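> Put chain B on the given structure of chain A with help from the hints.
Listed in order, the protein sequences are those of chains A and B.
Here UniProt numbering is used: the first residue of the first sequence is 1, the next is one more, and so on.
Here UniProt numbering is used: the first residue of the second sequence is 1, the next is one more, and so on.
None of these hints come from the bench; they were simulated from the model.
Model, not experiment: these values are computed from the prediction.
Be aware that a few hints might be false.
[To be verified] Under the rule of at most 25 angstroms between Cα atoms (straight-line distance), these lysine to any residue pairs were calculated in the SDA-like manner:
| id | chain 1 | residue 1 | chain 2 | residue 2 |
| --- | --- | --- | --- | --- |
| 1 | A | Lys193 | B | Lys33 |
| 2 | A | Lys33 | B | Arg102 |
| 3 | B | Lys202 | B | Glu232 |
| 4 | A | Lys144 | A | Pro45 |
| 5 | B | Lys193 | A | Thr59 |
| 6 | A | Lys33 | A | Thr81 |
| 7 | B | Lys33 | A | Gly192 |
| 8 | B | Lys158 | B | Thr70 |
| 9 | B | Lys202 | B | Arg183 |
| 10 | B | Lys176 | A | Pro63 |
| 11 | B | Lys33 | A | Gly200 |
| 12 | B | Lys202 | B | Ala248 |
| 13 | B | Lys158 | B | Lys202 |
| 14 | A | Lys226 | A | Ala250 |
| 15 | A | Lys226 | A | Glu185 |
| 16 | B | Lys144 | B | Ala48 |
| 17 | A | Lys193 | B | Ala120 |
| 18 | A | Lys144 | A | Ile17 |
| 19 | A | Lys52 | B | Asp191 |
| 20 | B | Lys33 | A | Glu106 |
| 21 | A | Lys202 | B | Glu116 |
| 22 | A | Lys202 | B | Gly34 |
| 23 | A | Lys193 | B | Gly80 |
| 24 | B | Lys218 | B | Ala120 |
| 25 | A | Lys218 | A | Leu244 |
| 26 | A | Lys218 | A | Ala120 |
| 27 | A | Lys176 | B | Pro121 |
| 28 | B | Lys202 | A | Thr87 |
| 29 | B | Lys193 | A | Asp99 |
| 30 | A | Lys176 | A | Asp99 |
| 31 | B | Lys193 | A | Lys193 |
| 32 | B | Lys176 | A | Pro121 |
| 33 | A | Lys202 | B | Ala248 |
| 34 | B | Lys176 | A | Gly60 |
[Claimed, not checked] Listed next, the stretches of chain B that the computed footprint assigns to chain A, with coverage defined by at least 3 CB atoms under 8 angstroms from CB atoms of chain A:
| id | stretch |
| --- | --- |
| 35 | 105 to 117 |
| 36 | 187 to 201 |
We put the beta carbon where it would ideally sit given N, CA and C, even for glycine.
Protein chains: 2
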Amino acid sequence: MPEPIVFYDIPANVRGIAFSGNTLKTRFSLNYKGLPFKTVWVEYPDIARTCKELGIGPTGTWPDGSPMYTLPAIHDPSTGTSIANSTAIARYLDATYPDTPRVIPEGTEAFHEAFEEALAPTLVPHLLYIHFPAVYGRLNEASKAYFKAARESVLGGKMEQWSPLGSETREQQWVKLEAGLGRIERWLTADGKERRFFMGDKPSFADFVLGARLLGLKRAIGEEHKEWKRVEQWHGGRWARLLLSMEAYAT
Amino acid sequence: MPEPIVFYDIPANVRGIAFSGNTLKTRFSLNYKGLPFKTVWVEYPDIARTCKELGIGPTGTWPDGSPMYTLPAIHDPSTGTSIANSTAIARYLDATYPDTPRVIPEGTEAFHEAFEEALAPTLVPHLLYIHFPAVYGRLNEASKAYFKAARESVLGGKMEQWSPLGSETREQQWVKLEAGLGRIERWLTADGKERRFFMGDKPSFADFVLGARLLGLKRAIGEEHKEWKRVEQWHGGRWARLLLSMEAYAT
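So here's chain A without its partners, still in its complex pose (with noise of 0.2 angstroms):
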């Protein structure tokens, strides 16, 4: 049995429950392989010290031009690699640890980058604008100041008019998300067969990465909210069976 693998993630006002999209990746990920791992959170406003202690390089640029340093990260002992990125992770994981199951199995690895580069305009623009301002209000107050000025400098504007609750432009974007949602299950459904994960009947990483983006929201927004109650109606169900699909690998 490996030493367990360190795991950095943000927390929130709910303790042991993470929502950001991009985290609970590798999450998935670890859970799916049956890693042994252990949870450090950490604040958004010590996000960048915890990587350059570990000697992990940022991950993409500010707006500003600054180094921007994001979590998922990992640092495995039995190796002593530290590493961000869910994508990375999962090659990571997939490298070290051949004897468990294959996140992105081999021959997909550019259809996984391929995958990534068709989600992106499909489903992120409209998501962000709706997940962003909900997660904040589940942060901590140690990383809401830095959360809400870090998104935005990306976004642009103030995150209170992103969407507001009730408003058309909130409407507008609810109504874009189901249509991207529904270009991808055009993806799954086009050549006439059901299938429940991209792959068939095993999750890759490509599930994870949609997976983690639509849990974040739900978690966000809350379960119990009609907005939510709404999503899991759309394409028959489908998002809603993704996540109970998953929720092994969420914990």
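Chain B alone, transformed into the frame defined by chain A:
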């Protein structure tokens, strides 16, 4: 041995050579599978009638709302099936001839859909403005007027003005095409591994889609033309090598 499949392709002023970036996808598929076929050459103004006679419906809609009939199409005398659209044909051939190599390997069906959606904005817009006028110069008189009017109805403006040789407009299209291919190179190499085809050593429909677009362009502008020579230098010669690998399936 099954009866030869009838493959409907679009002729040009060089006998036996097609320039369409769409029909080539099916030619690659048929050859890769080793299925016997014979080509029936159909001039553009005859495509709709040919499809209707075969009982094949339109694959899309023209900007004026009228039905759009397109090639490639096949008629398979062994099953009595007639079908258009290169992806639908690939699915049909995989399902009908399970002993031949799969063009869309099991488990990659949804990935192939996402791939095509990722490819469209990355490659196609910049390519068409260059490709169509070059194809026009290669068509038989029977097809020219129809082709020009049809393409202008989709892309707008006058074909002569889309991409004049030596113009700054054209130069920008080549720059964008190079950038688009750079994104595709990133999909193929993001995990640091070298792979000839999308799935590794064996081609799949994704390679046929990309290869068809590039081979169509190469043939239309001429492989000796300095513009094509430039493409062959891009990204370490990757695209020249891809087409070399696919020559065997282009006959």
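> Decide, hint by hint, whether the structure agrees.
Results for each hint:
{"no.": "1", "hint": "A:Lys193 <-> B:Lys33", "in the structure": "22 angstroms, holds"}
{"no.": "2", "hint": "A:Lys33 <-> B:Arg102", "in the structure": "29 angstroms, violated"}
{"no.": "3", "hint": "B:Lys202 <-> B:Glu232", "in the structure": "22 angstroms, holds"}
{"no.": "4", "hint": "A:Lys144 <-> A:Pro45", "in the structure": "9 angstroms, holds"}
{"no.": "5", "hint": "B:Lys193 <-> A:Thr59", "in the structure": "20 angstroms, holds"}
{"no.": "6", "hint": "A:Lys33 <-> A:Thr81", "in the structure": "18 angstroms, holds"}
{"no.": "7", "hint": "B:Lys33 <-> A:Gly192", "in the structure": "22 angstroms, holds"}
{"no.": "8", "hint": "B:Lys158 <-> B:Thr70", "in the structure": "22 angstroms, holds"}
{"no.": "9", "hint": "B:Lys202 <-> B:Arg183", "in the structure": "21 angstroms, holds"}
{"no.": "10", "hint": "B:Lys176 <-> A:Pro63", "in the structure": "23 angstroms, holds"}
{"no.": "11", "hint": "B:Lys33 <-> A:Gly200", "in the structure": "24 angstroms, holds"}
{"no.": "12", "hint": "B:Lys202 <-> B:Ala248", "in the structure": "13 angstroms, holds"}
{"no.": "13", "hint": "B:Lys158 <-> B:Lys202", "in the structure": "41 angstroms, violated"}
{"no.": "14", "hint": "A:Lys226 <-> A:Ala250", "in the structure": "23 angstroms, holds"}
{"no.": "15", "hint": "A:Lys226 <-> A:Glu185", "in the structure": "22 angstroms, holds"}
{"no.": "16", "hint": "B:Lys144 <-> B:Ala48", "in the structure": "16 angstroms, holds"}
{"no.": "17", "hint": "A:Lys193 <-> B:Ala120", "in the structure": "24 angstroms, holds"}
{"no.": "18", "hint": "A:Lys144 <-> A:Ile17", "in the structure": "16 angstroms, holds"}
{"no.": "19", "hint": "A:Lys52 <-> B:Asp191", "in the structure": "23 angstroms, holds"}
{"no.": "20", "hint": "B:Lys33 <-> A:Glu106", "in the structure": "22 angstroms, holds"}
{"no.": "21", "hint": "A:Lys202 <-> B:Glu116", "in the structure": "22 angstroms, holds"}
{"no.": "22", "hint": "A:Lys202 <-> B:Gly34", "in the structure": "31 angstroms, violated"}
{"no.": "23", "hint": "A:Lys193 <-> B:Gly80", "in the structure": "23 angstroms, holds"}
{"no.": "24", "hint": "B:Lys218 <-> B:Ala120", "in the structure": "19 angstroms, holds"}
{"no.": "25", "hint": "A:Lys218 <-> A:Leu244", "in the structure": "12 angstroms, holds"}
{"no.": "26", "hint": "A:Lys218 <-> A:Ala120", "in the structure": "19 angstroms, holds"}
{"no.": "27", "hint": "A:Lys176 <-> B:Pro121", "in the structure": "19 angstroms, holds"}
{"no.": "28", "hint": "B:Lys202 <-> A:Thr87", "in the structure": "24 angstroms, holds"}
{"no.": "29", "hint": "B:Lys193 <-> A:Asp99", "in the structure": "20 angstroms, holds"}
{"no.": "30", "hint": "A:Lys176 <-> A:Asp99", "in the structure": "41 angstroms, violated"}
{"no.": "31", "hint": "B:Lys193 <-> A:Lys193", "in the structure": "32 angstroms, violated"}
{"no.": "32", "hint": "B:Lys176 <-> A:Pro121", "in the structure": "19 angstroms, holds"}
{"no.": "33", "hint": "A:Lys202 <-> B:Ala248", "in the structure": "35 angstroms, violated"}
{"no.": "34", "hint": "B:Lys176 <-> A:Gly60", "in the structure": "23 angstroms, holds"}
{"no.": "35", "hint": "105 to 117", "in the structure": "holds (count 12)"}
{"no.": "36", "hint": "187 to 201", "in the structure": "holds (count 9)"}
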